[in-house]
Structure formats: C-alpha cells, structure tokens
Amino acid sequence: MMQIYKTNFPTEQQGKDYLLNLGVILEVEGEIVFAKNTAAVVYIGKVVEIPATYDADGNILTPAVYYDGYAIDVMSSSDLDFGTFEVFPADKAAHSFYGWPKEAEVPPIKKKDENVKSVENAENVKIK
Amino acid sequence: MSNLLDQASIVLTPTAYDNGKVLCAKPTDGSGDFDFSRNSAATRVNAQGLVEDVQILSSNLVQNGDFSQTGSEEVTNGSFANGNADWTIENTWTIGEGVANGNGANGSTAELKQTSVNTIGKSYKATFKVLNYVSGSVGFFRGSGIGVTPRTADGVYTEYFTATSSEIRFRGSNFNGSITNISVKEVGQNWFKDANWSIGDNVATSTGAGRMFQSISALEGNIGTKVKVSFNITEVTSGGVKVDCYGATSAVITEVGTHTFTGTTTNTLNLYINNSGTGNLVGSITNISVIEITDDTNLPRINYEGFSFQDALGSELVLNGDFATNSDWNLGGSDTPIIENGFLKFGISNGTYSRARQNNASIIGNCKVTYTVVNSSASTLAIREYAGGNNESVPATIGTHTIYKNFIANGISFQAGGVDGGILEIDNISVREVLGQEVVPDSGCGNWLWEPQSTNIITYSEDFTNSSWTKFNSSITNDNTKILGINALKIVPDNNLKGILKRPATTPQDGLVYNRSVYIKFGGERYVVLSAQDALSSSRSVIFDFTNKDFSYQGGSVSNLLAADMGNEIFRISFNSISSGSVIDDYSIGFSSDGTSTSSFLGNGVDGVYATATQVEQQSYATSYIPTDGTSVTRNQDLCTNGGSAASINITEGVLYAEIAALANDGTVRYLGLSDGSTNNRVIILYYSATNKVRAIVSSGGTKYVDVNYELTNILDFHKVAIKYKLNDFAFWIDGVEVATDTSLNAPIVLDDLSFSIGGSSPFFGKTKAVAVWKETLTDTELAELTTI
Numbered sequence: 001m002m003q004i005y006k007t008n009f010p011t012e013q014q015g016k017d018y019l020l021n022l023g024v025i026l027e028v029e030g031e032i033v034f035a036k037n038t039a040a041v042v043y044i045g046k047v048v049e050i051p052a053t054y055d056a057d058g059n060i061l062t063p064a065v066y067y068d069g070y071a072i073d074v075m076s077s078s079d080l081d082f083g084t085f086e087v088f089p090a091d092k093a094a095h096s097f098y099g100w101p102k103e104a105e106v107p108p109i110k111k112k113d114e115n116v117k118s119v120e121n122a123e124n125v126k127i128k
Numbered sequence: 001m002s003n004l005l006d007q008a009s010i011v012l013t014p015t016a017y018d019n020g021k022v023l024c025a026k027p028t029d030g031s032g033d034f035d036f037s038r039n040s041a042a043t044r045v046n047a048q049g050l051v052e053d054v055q056i057l058s059s060n061l062v063q064n065g066d067f068s069q070t071g072s073e074e075v076t077n078g079s080f081a082n083g084n085a086d087w088t089i090e091n092t093w094t095i096g097e098g099v100a101n102g103n104g105a106n107g108s109t110a111e112l113k114q115t116s117v118n119t120i121g122k123s124y125k126a127t128f129k130v131l132n133y134v135s136g137s138v139g140f141f142r143g144s145g146i147g148v149t150p151r152t153a154d155g156v157y158t159e160y161f162t163a164t165s166s167e168i169r170f171r172g173s174n175f176n177g178s179i180t181n182i183s184v185k186e187v188g189q190n191w192f193k194d195a196n197w198s199i200g201d202n203v204a205t206s207t208g209a210g211r212m213f214q215s216i217s218a219l220e221g222n223i224g225t226k227v228k229v230s231f232n233i234t235e236v237t238s239g240g241v242k243v244d245c246y247g248a249t250s251a252v253i254t255e256v257g258t259h260t261f262t263g264t265t266t267n268t269l270n271l272y273i274n275n276s277g278t279g280n281l282v283g284s285i286t287n288i289s290v291i292e293i294t295d296d297t298n299l300p301r302i303n304y305e306g307f308s309f310q311d312a313l314g315s316e317l318v319l320n321g322d323f324a325t326n327s328d329w330n331l332g333g334s335d336t337p338i339i340e341n342g343f344l345k346f347g348i349s350n351g352t353y354s355r356a357r358q359n360n361a362s363i364i365g366n367c368k369v370t371y372t373v374v375n376s377s378a379s380t381l382a383i384r385e386y387a388g389g390n391n392e393s394v395p396a397t398i399g400t401h402t403i404y405k406n407f408i409a410n411g412i413s414f415q416a417g418g419v420d421g422g423i424l425e426i427d428n429i430s431v432r433e434v435l436g437q438e439v440v441p442d443s444g445c446g447n448w449l450w451e452p453q454s455t456n457i458i459t460y461s462e463d464f465t466n467s468s469w470t471k472f473n474s475s476i477t478n479d480n481t482k483i484l485g486i487n488a489l490k491i492v493p494d495n496n497l498k499g500i501l502k503r504p505a506t507t508p509q510d511g512l513v514y515n516r517s518v519y520i521k522f523g524g525e526r527y528v529v530l531s532a533q534d535a536l537s538s539s540r541s542v543i544f545d546f547t548n549k550d551f552s553y554q555g556g557s558v559s560n561l562l563a564a565d566m567g568n569e570i571f572r573i574s575f576n577s578i579s580s581g582s583v584i585d586d587y588s589i590g591f592s593s594d595g596t597s598t599s600s601f602l603g604n605g606v607d608g609v610y611a612t613a614t615q616v617e618q619q620s621y622a623t624s625y626i627p628t629d630g631t632s633v634t635r636n637q638d639l640c641t642n643g644g645s646a647a648s649i650n651i652t653e654g655v656l657y658a659e660i661a662a663l664a665n666d667g668t669v670r671y672l673g674l675s676d677g678s679t680n681n682r683v684i685i686l687y688y689s690a691t692n693k694v695r696a697i698v699s700s701g702g703t704k705y706v707d708v709n710y711e712l713t714n715i716l717d718f719h720k721v722a723i724k725y726k727l728n729d730f731a732f733w734i735d736g737v738e739v740a741t742d743t744s745l746n747a748p749i750v751l752d753d754l755s756f757s758i759g760g761s762s763p764f765f766g767k768t769k770a771v772a773v774w775k776e777t778l779t780d781t782e783l784a785e786l787t788t789i
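For the protein sequence lines, the chains are A and B, in the order given.
All residue numbers for the first sequence refer to the numbering used here, where the first residue is 1 and numbers rise by one.
All residue numbers for the second sequence refer to the numbering used here, where the first residue is 1 and numbers rise by one.
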C-alpha cells in the first residue's frame with residue numbers, strides 16, 4: 001500500500017542525505033535512483049507563505065515570503081520514519097500527487113489522552 | 001509482417017491493459033504480460049483527440065443527455081407528394097402540387113389531420129413549412145388546453161409537444177396560403193418524465209414539481225461505482241436542480257451554468273433529476289453527463305497522435321438543397337431554370353443567362369460549398385454571391401464538387417449560360433460555414449506512453465479567475481469554450497490598456513531548466529506573448545502569430561520552442577528557460593500589436609486569447625498535461641517491467657524488435673530489452689547521452705560483447721529497431737537497414753525478463769508502438785521486412 005510522507009528539512013542537502021540514509025533513494029554508479037519501494041520523491045523546495053505583490057505595471061512591489069526549510073514529499077510502500085522532519089499540512093498542503101487527495105498523507109499520531117505530549121514526540125507510532 | 005509476428009513468442013502492441021498490467025497480444029495465456037506501476041493518475045490524448053484523465057473509464061453513460069436525439073419520421077406523406085393520401089381534410093383545404101392549400105374560408109375547426117402518428121405521453125418535435133402566405137393564420141395543434149400558435153408568414157416552423165392523442169392536426173383560421181414538409185419526430189428518448197417536464201430545443205424544461213429519470217445499465221448492478229456527474233442549467237425562473245445518480249447526489253443548485261460533482265453510487269435505482277419533490281425547477285436543463293471514474297492509479301496510457309483533420313462545419317445554410325420541393329430558390333434569367341423531379345435543371349441556350357439563387361443572410365463568411373452535377377453537356381457554371389458579389393467559375397462536370405468561398409454578401413446564386421448551350425442538372429447543394437479544423441475521430445495512431453515523474457508547479461492550471469493569477473489590465477471571461485475537452489478561459493485585455501495575465505510567485509530551483517507549456521486557441525488577438533523570467537536575461541518572451549503559425553522573440557531566443565498544431569486554431573506552445581531564484585515571477589500571457597513588440601499593445605476590451613492547461617515543470621520538454629487545483633501536482637513515473645518469461649525468451653538465439661520514439665534528447669539512459677534483471681546478461685536497446693543516437697548492447701555472464709550505436713535523423717520520430725543475437729552472429733537493424741554486425745558474440749547465459757528498464761533502473765521513457773521477441777533468429781530478408789518503415 002502506497003503512503004505519502006510530507007517532510008521539511010533545514011536544507012535541501014540535509015533532506016537528500018536523510019533520504020539516502022533511510023534507503024528511500026539509492027546511489028547507483030554515481031546516480032541517484034529510487035529504491036524498489038519508492039514510487040516518487042518530489043523536491044518541492046521552499047513553500048510560499050505570503051505571495052508577492054505587484055504594481056499596476058506588473059512590477060514586484062514586495063517579494064514573496066517563504067516558510068523556513070526545504071520541503072520534500074515521498075510516496076513509498078515502506079513504513080518510513082522521518083522523525084521531526086515529517087510535517088502534516090493536511091488540506092493546506094502546497095503539493096499533491098495527481099489522483100490523490102491533497103490531504104492524502106500519513107496522518108499524525110492521534111492524541112488518545114493527555115499523556116501524549118505532542119505530535120512531534122510520538123513520531124515513531126504512526127497510524128496507517 | 002503478419003506472418004513474422006505469427007512466429008514471435010512475445011508481441012506487445014498498444015491494445016490491452018488492466019490496472020497494474022500491460023497485456024501482450026502473445027502469448028495469450030498471460031505469461032508474457034508486463035507489470036505496470038505509476039501510483040498516480042495521468043492524462044493522455046484519447047482516440048478522439050481529447051485530453052482525458054486515464055482514470056475516466058467510460059464515455060458518457062447518459063443516453064440523449066443533450067436532448068438532441070430525434071427519432072424516425074412519424075408522418076406519412078408529409079410533403080403531399082402522394083396527394084391527400086393518409087390525410088383527413090376539411091373542405092377548407094385542398095391538396096395539390098406538393099402542398100396543402102388553405103382557401104381563406106373558415107370551417108368548423110378547419111383541420112388538416114393525420115391519425116396514428118403519436119404515442120400518447122411521448123415527446124415530439126414537429127416541423128412544417130408555410131409558403132404562399134396571403135392571409136389568415138394556420139397553427140399546429142399540440143393538445144387539448146394548449147393554445148395553437150398562429151403562423152401568419154412564410155417560413156419553416158418548429159414546435160415541441162407531448163402527445164395527448166395519436167393524431168396530429170393543423171388548424172387554419174381564414175388561412176389563405178399553403179403548408180408542406182410536415183414532419184413529426186420523437187425527442188426525449190431514453191427519459192421517463194413526469195407531466196411537468198417537456199423536451200424543447202435541445203433542453204428539458206420543467207414547470208415545477210416532478211421528476212425526470214433514466215436507467216443506466218452500467219450502474220444497475222455496481223453499487224460503489226465512482227461517478228462524475230455534470231449538467232448544464234440553462235434557465236432558472238424558480239427552484240433548482242438536484243441530481244441523484246444511483247445515490248450519488250448533488251445539492252439543490254439554483255444557478256445557471258455548468259455544474260459538476262463526483263460521488264459514489266449507493267443504490268440500484270436510476271439517474272434522477274429532481275426526485276421525490278426536490279428541486280422543483282421552473283427552468284431548463286441539458287448536457288446531462290455521467291462518467292464512471294476509478295481510483296486505480298496504475299493504469300497504463302495508450303496515447304494517440306498523428307491525427308488527420310477535417311473541416312469543422314456549421315449547420316446547413318441552404319434551404320431545400322436537395323430540391324425535394326419547388327420552393328426556396330429564386331429562379332430567373334432569360335432562360336429560367338426549373339426544379340423538377342428533385343433536380344435543379346438549367347436548359348441553356350447560347351448567349352442566354354439563367355440563375356437559381358437564395359437570398360439568405362446566414363450565407364456569409366468562409367463557407368464550404370458542395371453540389372452534385374448529375375447531368376451535364378455544359379462547360380460553364382458559376383457561383384455568385386447575391387447582391388452583386390464576386391462571380392467564380394466552378395466545375396460543371398458530372399460528379400460531386402467542393403469549393404471554398406468567402407461570402408461577403410448575403411446569399412448564393414448558381415449561374416449558367418452565356419457562352420455555350422446544353423443542359424445542366426444539379427442536386428444536393430450544401431453551404432456550411434467553415435468554423436475551423438477538427439480532429440477526425442479514430443484517425444490517430446496509438447502508442448504506449450511512458451513518462452518520467454514530473455511536477456506542474458502552476459497551482460491553478462486552468463482557473464485564471466483564482467487570485468493566485470494576477471490580472472493586469474485584463475479580465476477573464478468564460479463562454480464555455482473547451483480546448484481538447486478542457487475548459488478554457490478567455491484572457492481579454494482591457495480597452496486601450498496593455499493587458500497581461502501573470503502567474504503567482506513559486507519556487508523554481510535556481511539555475512535549472514524548466515519547460516513552460518500552455519494550450520491556446522485564437523480569441524481575436526493575432527499575437528500572443530508568453531513570457532518567462534530567465535536566468536540568462538531579465539525576461540524572455542515568445543510572440544506567437546496565430547495567422548502565420550510562427551514565432552518571434554524578445555529578450556533572446558528560447559530553447560526547445562514548439563507549437564503543436566492541434567487543429568481548429570488550437571496550439572500547445574512550449575519552451576524552455578533557465579530559472580532564476582532571484583526572479584520568481586516567471587510566467588505570463590500577454591499580447592503584442594505587431595508581432596515584434598510587447599510594449600506597444602493596447603487591447604479593445606473584446607478580443608483576447610483562450611488558454612488552459614498551463615504547466616511549468618522541471619523538464620527539458622513538455623510532458624503530458626498535469627491538472628492542478630490549488631497545489632503543485634506530481635504525476636509519477638511510468639514503470640513497465642517483468643514481461644516475458646524463460647519460456648518465451650531463448651538464451652541461445654533470437655530477435656528483439658521495437659518500434660519506438662524518444663520523448664526528448666535529454667541525455668538520460670533509457671533501457672528497453674531482455675535481461676536477467678541485471679546488466680550481466682542482456683540484449684537491450686537504449687537511448688543515452690548522445691544526441692539522436694540509438695544503441696544496442698549484448699552482455700553475457702557480465703561481459704559486454706557488443707556495444708554499437710547508430711545516429712538517427714531524429715529520435716523523436718518513430719523508428720523500427722531490431723537486434724539479432726546468436727553465438728558469433730549479431731546484427732543491428734534500423735528502418736530496414738543493417739547498421740552493425742558482430743561475429744564475436746557470446747549469447748547471454750540467462751534471459752528471462754522483457755522490461756522497459758533493467759531491474760527497474762533507467763526506465764525507458766518514450767513512446768512504443770510495438771515490441772516483439774522471436775526465439776530463433778530471422779533471416780536478413782525477414783529483418784529488412786520487419787524493420788522497414
């Protein structure tokens with residue numbers, strides 16, 4: 001069963017290194033390829049928080065403002081642990097896979113009670 | 001060729017597939033079928049030339065959803081060709097010379113009627129022609145309690161009615177004139193209607209409470225089917241429309257326009273319009289469509305291209321072009337022609353002139369004129385525009401002739417005579433406006449389309465009304481135009497202003513090549529400007545000329561510029577530019593006044609361009625369209641592997657054949673062939689880093705014995721490629737020519753897999769019309785035949 005993971009890393013390189021370490025992507029003869037269970041890796045990059053504004057002639061008045069970090073989406077049939085790099089934008093996602101709802105992502109751990117301190121601290125227990 | 005394929009152990013053609021499977025024509029037991037994965041939806045161009053999501057499984061399941069279907073003729077002797085046969089007439093009517101004549105008197109009901117025409121409760125479309133009108137009125141009786149609409153002038157009239165009896169009747173009131181060509185045909189077939197519904201001119205009209213419904217057999221026994229339902233409300237006085245498609249329901253919609261919803265069927269009932277007291281529409285609806293869709297994300301794509309085109313024609317503009325009646329044509333000249341026995345007949349005396357004309361305001365603009373000369377001893381015939389337009393000589397020889405003529409006056413005249421004698425008989429005159437060019441359905445050729453993963457970073461690829469598109473001095477209008485089946489909006493620059501539409505800020509990777517593409521259709525402005533901010537200059541613009549179908553540039557040329565002509569003034573424009581992270585506003589659609597400048601343009605508030613399917617992707621070429629609606633969207637890579645088997649592949653000798661085309665000269669390695677799942681044992685064809693080159697490799701036991709390549713004119717075109725392999729006997733054939741041989745070959749040790757990759761790596765992204773494998777080598781003659789284009 002394919003699962004969609006949405007992640008946000010401090011930098012692009014950190015993201016790629018993490019994917020290599022996790023075995024999502026492989027380096028074969030100097031080329032980066034998908035692992036067998038990987039259906040897609042999408043390097044989204046920076047996500048716009050506030051769009052740019054323009055004057056009447058189309059010139060930029062204020063440039064766009066981006067969220068921190070570098071976003072990468074992964075579709076895989078493997079259970080993957082992205083730790084605190086995993087994010088859960090749900091219907092506010094900036095990217096989706098064609099034919100899938102934009103909120104089609106591995107959901108965050110549900111808070112069963114107050115003993116669960118935070119979503120981030122419960123990353124290793126995923127609900128599929 | 002067919003005999004050769006009979007001998008093959010594996011044959012793959014673009015014919016059959018299932019979710020997750022690409023099915024071979026041979027072997028037929030399924031042992032050779034391929035596994036296929038993509039795990040996302042994708043679009044293709046279907047056999048009708050339309051862009052569609054492959055998850056759409058069906059055509060429109062609704063029958064007669066646009067209410068345009070008409071049945072067979074129900075009236076007998078409607079042209080009175082057989083006198084008064086089949087008609088019952090009161091004494092105010094007389095029948096003769098193909099018409100029923102009213103004498104101006106008033107009878108009891110003054111009826112002209114025919115029995116056993118209608119089926120009570122069914123809907124019909126009645127047409128009749130009034131001619132030779134002098135006075136009084138005549139009208140068609142649509143049923144008790146429904147007023148007869150009096151007709152008081154010559155003309156062809158149409159009325160829709162729901163039958164309350166089996167008779168049809170015409171009622172005159174001191175009518176002095178004639179009627180003929182009476183026709184009644186059933187409409188609204190396939191629909192069951194309560195009394196409030198009636199069928200009109202390609203619409204269904206409701207007067208309040210009550211339902212209309214239809215049974216769809218494909219949905220009867222398939223609860224849980226995902227459906228996409230759409231309909232067009234054309235008029236609302238009060239109430240609204242609620243559609244219930246086997247349990248998948250819409251809200252009550254009260255607004256005029258096209259509406260679409262998706263849902264899942266939950267029962268086995270019917271497709272209802274306003275069931276169970278809902279909606280209560282006072283208004284009209286049409287274009288009701290139900291399409292079955294699936295959540296399957298591993299559906300291979302058979303993509304069609306190479307279509308033929310034909311004229312897209314408007315409706316018939318000539319009346320009585322088959323000369324069924326002696327009417328509609330104004331016959332004159334010193335040697336006046338006649339209409340007789342279904343033909344227009346000129347008897348031409350030397351030095352005389354005769355003509356048959358129609359003064360018809362609709363005959364104007366670029367038209368296609370066809371006519372058939374059935375008998376001729378004349379050498380001259382001309383078509384002239386009425387009201388003093390241009391005269392043009394046209395063929396007078398026996399046969400059907402077609403000419404194209406730009407009519408600037410209102411009407412057409414066929415003229416004969418002047419220089420020679422003889423006779424000339426004409427039939428089946430047709431004049432139809434040429435609206436453009438359209439795809440001839442099923443004229444294209446299908447191929448398997450395997451593409452790499454790609455992401456469209458335009459977040460609203462079709463909806464330019466969204467605020468993420470910035471409209472400078474321009475407006476967006478929607479007149480329901482479609483481009484290849486996709487909704488298209490019109491970008492209209494404001495009057496006396498330089499209008500432009502710009503994409504929102506996005507995040508392309510600095511310094512990488514991005515391809516930008518868009519489907520456009522002529523909307524009144526000749527020059528359309530597509531601009532990209534580019535790392536090589538502050539702005540690069542492509543100015544496309546709809547008239548000459550060519551380009552000019554501003555800010556430097558762009559790479560890989562293509563304009564795919566899709567017919568009917570539709571083009572897919574695509575080009576590459578290198579993104580600059582410091583300039584993020586990198587996509588806009590504007591206009592030019594002269595085809596060279598982008599600064600001097602001023603709009604008129606009316607003309608513009610239709611556009612849709614905007615796409616920006618990190619590729620060096622445009623891939624298939626990826627629709628977006630609020631996010632960037634990724635279509636995953638196509639992966640077709642694990643075909644064939646040890647039983648259908650011979651390790652000691654054989655032939656691998658493929659008819660393939662590349663998607664691009666992008667320098668990537670793309671494998672297709674036989675292997676053991678590794679590069680140790682393989683017989684493969686590949687595209688690679690060299691431009692326009694195709695390559696063949698044979699390895700055995702980890703040793704590469706043959707590695708040859710050949711330069712093609714263009715790898716984007718289809719080529720037929722074959723590898724013959726056997727101990728000390730290798731040959732590489734392309735397009736009927738043996739381009740390489742080798743006599744030191746060791747045959748592979750293990751070959752049990754036919755894939756569009758090797759072990760899932762370096763997938764073959766390209767187009768494939770055929771792949772075949774033989775377990776024995778073929779002769780040079782056979783290989784030449786096999787690979788000749």
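One thing to keep in mind: the hints can contain errors.
[Claimed, not checked] With a cut-off of at most 20 angstroms between alpha-carbon atoms, the simulated SDA-like pairs for lysine to any residue come out as follows: (1) A:K36 / B:D676; (2) A:K36 / B:N466; (3) A:K36 / B:S467; (4) B:K471 / A:T62; (5) B:K471 / A:D55; (6) A:K92 / B:N466; (7) A:K16 / B:F261; (8) B:K471 / A:T53; (9) A:K16 / B:N642; (10) A:K16 / B:G511; (11) A:K102 / B:D295; (12) B:K471 / A:P63; (13) B:K226 / A:P101; (14) B:K471 / A:S77; (15) B:K471 / A:A56; (16) A:K102 / B:D35; (17) B:K21 / A:T38; (18) B:K228 / A:P101; (19) A:K102 / B:N298; (20) A:K36 / B:G759; (21) A:K36 / B:L727; (22) A:K92 / B:N642; (23) A:K102 / B:I293; (24) A:K36 / B:G677; (25) A:K36 / B:Q637; (26) B:K21 / A:S77; (27) A:K102 / B:D296; (28) A:K92 / B:D676; (29) B:K471 / A:E31; (30) A:K92 / B:D510; (31) A:K92 / B:S467; (32) B:K471 / A:L61; (33) B:K471 / A:Y54; (34) B:K704 / A:V28; (35) A:K102 / B:G630; (36) B:K226 / A:A104; (37) B:K471 / A:P51; (38) A:K102 / B:Q637; (39) A:K102 / B:D676; (40) A:K36 / B:S761.
Think of the hints as simulated: they come from the structure by calculation, not from any bench.
| message | Check the structure against each numbered hint from earlier and tell me which ones fail, lowest number first. | response | 2, 3, 7, 9, 14, 16, 21, 22, 28, 29, 30, 39
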